[in-house]
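Enquirer: Model the placement of chain G on the given structure of chain A, informed by the hints.
So the sequence lines, in the order shown, correspond to chains A and G. For the first sequence, the working numbering gives the first residue as 28, with consecutive numbering after it. For the second sequence, the working numbering gives the first residue as 28, with consecutive numbering after it.
For identical chains, the list gives no copy identity; a pair is met inside one copy or between any two copies.
Okay, derived cross-link-like pairs now, DSS-like style, lysine-lysine, Cα gap no bigger than 25 Å in a straight line:
id: 1; residue 1: K55; residue 2: K35
id: 2; residue 1: K215; residue 2: K232
id: 3; residue 1: K55; residue 2: K160
id: 4; residue 1: K200; residue 2: K175
id: 5; residue 1: K232; residue 2: K200
id: 6; residue 1: K55; residue 2: K215
id: 7; residue 1: K172; residue 2: K200
id: 8; residue 1: K147; residue 2: K160
Read the hints as simulated data drawn from the structure, not as lab findings. Keep in mind that this is a model prediction, so the values were computed, not measured.
Residue-level listing of the chains:
There are 2 protein chains.
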Amino acid sequence: MSEYSIDKRNKVRRVPTRGHYDQETVYKILDDAFVCHVSFVLDGQPFIIPTLYGREGNKLYLHGATSSRMIRHLEKGVPMSLAVTHVDGIVLARSAFHHSANYRSTIVYGTAKSVSQELKEHALFIISEQVLKGRWDEVRLPNEKELKATEVLELEIEQASAKVRSGGPNDDKPDYDLDIWAGVVPMKMIYSDPIADEVLPSDIKLPPSLK
Amino acid sequence: MSEYSIDKRNKVRRVPTRGHYDQETVYKILDDAFVCHVSFVLDGQPFIIPTLYGREGNKLYLHGATSSRMIRHLEKGVPMSLAVTHVDGIVLARSAFHHSANYRSTIVYGTAKSVSQELKEHALFIISEQVLKGRWDEVRLPNEKELKATEVLELEIEQASAKVRSGGPNDDKPDYDLDIWAGVVPMKMIYSDPIADEVLPSDIKLPPSLK
Chain A
28 MSEYSIDKRN
38 KVRRVPTRGH
48 YDQETVYKIL
58 DDAFVCHVSF
68 VLDGQPFIIP
78 TLYGREGNKL
88 YLHGATSSRM
98 IRHLEKGVPM
108 SLAVTHVDGI
118 VLARSAFHHS
128 ANYRSTIVYG
138 TAKSVSQELK
148 EHALFIISEQ
158 VLKGRWDEVR
168 LPNEKELKAT
178 EVLELEIEQA
188 SAKVRSGGPN
198 DDKPDYDLDI
208 WAGVVPMKMI
218 YSDPIADEVL
228 PSDIKLPPSL
238 K
Chain G
28 MSEYSIDKRN
38 KVRRVPTRGH
48 YDQETVYKIL
58 DDAFVCHVSF
68 VLDGQPFIIP
78 TLYGREGNKL
88 YLHGATSSRM
98 IRHLEKGVPM
108 SLAVTHVDGI
118 VLARSAFHHS
128 ANYRSTIVYG
138 TAKSVSQELK
148 EHALFIISEQ
158 VLKGRWDEVR
168 LPNEKELKAT
178 EVLELEIEQA
188 SAKVRSGGPN
198 DDKPDYDLDI
208 WAGVVPMKMI
218 YSDPIADEVL
228 PSDIKLPPSL
238 K
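Only chain A is shown next, with the shape it has when bound in the complex (with noise of 0.2 Å):
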């Protein structure tokens, strides 16, 4: 896999040793969630919204009701930028100015557009899998009426960067001899166990995709 180019856009300044560009760090931070921002801007105001996406190669599919404001806006291919953040763990230093959190964060830009008709239902597909893998093959298919009222869009990463921290606390020398607790809290998200509608059948067992 290659690296993403570098310019004053996505070029990292703040602390460059975290910063990666090659396409494996970006991809696998998009890989491990499900829900990014996106930032767009509409007359001069920046506005920043949570949705999900799937990833394909190097396209992130979007998706959403196709009366949205983000959807109508960014089908346009007016520029934007999406994030995607773990939050990995709270760095405690011995000095408040060397706290910091563990992360692995990616910022992706590019233009989206939407996808043909004969591609929705796999863009669909793709952002399902992102979700929950194997669960597209248990569920009612999207019909035609719920086709047409879904846009999806496609944005190839034009550029991108990743940021990541992992480790202890880089405290300054003198702070060692403090008597200061100093280390990691260590964060992480999970999932519980699933919780049937209430009025599924009780013998509808759990499916595949959730074991």
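Expert: Positioned in the frame of chain A, the structure of chain G alone reads:
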């Protein structure tokens, strides 16, 4: 507490019944996290950056290096928006179309300005408290040089909206007869046991903030 004014900037359009504009709902969502995404425009390009924050009343504090592009730009008082999103679960419906996520998100609008030198340490304290309550009292506080290297912005929340979805799937009537599992997979962020810095003397015990 009061409600934020509603206009086309912050109005929740898609599924408006999920929209909230009261400070209580917005503050609760803000208080349950410490990482937000900030959106701003530079030369027509929308940027999005994850960053720490702290809330005090109707103000949010953000900090960064004085050399940070985001900080230098935002302190000019340009339009910005800021989002905090909690993903609470995956909602599995009988139809692909009605799959959803449970979430609590808020989007905040306003303009930022630098805090005064007198307020800076207090604002950093608020950010620190947002990340880990009580930690500020346990650490070596910022010195002159560190305070100088840090810029802190305050963002008075002008407008905000919150959007919340909870509960099980809402399928189309005929789909309830299908032999398809439906329900929710709850998700949450958890903190694991603290890991001490490798070079921490073993007689330094866990501080009160971590108990």
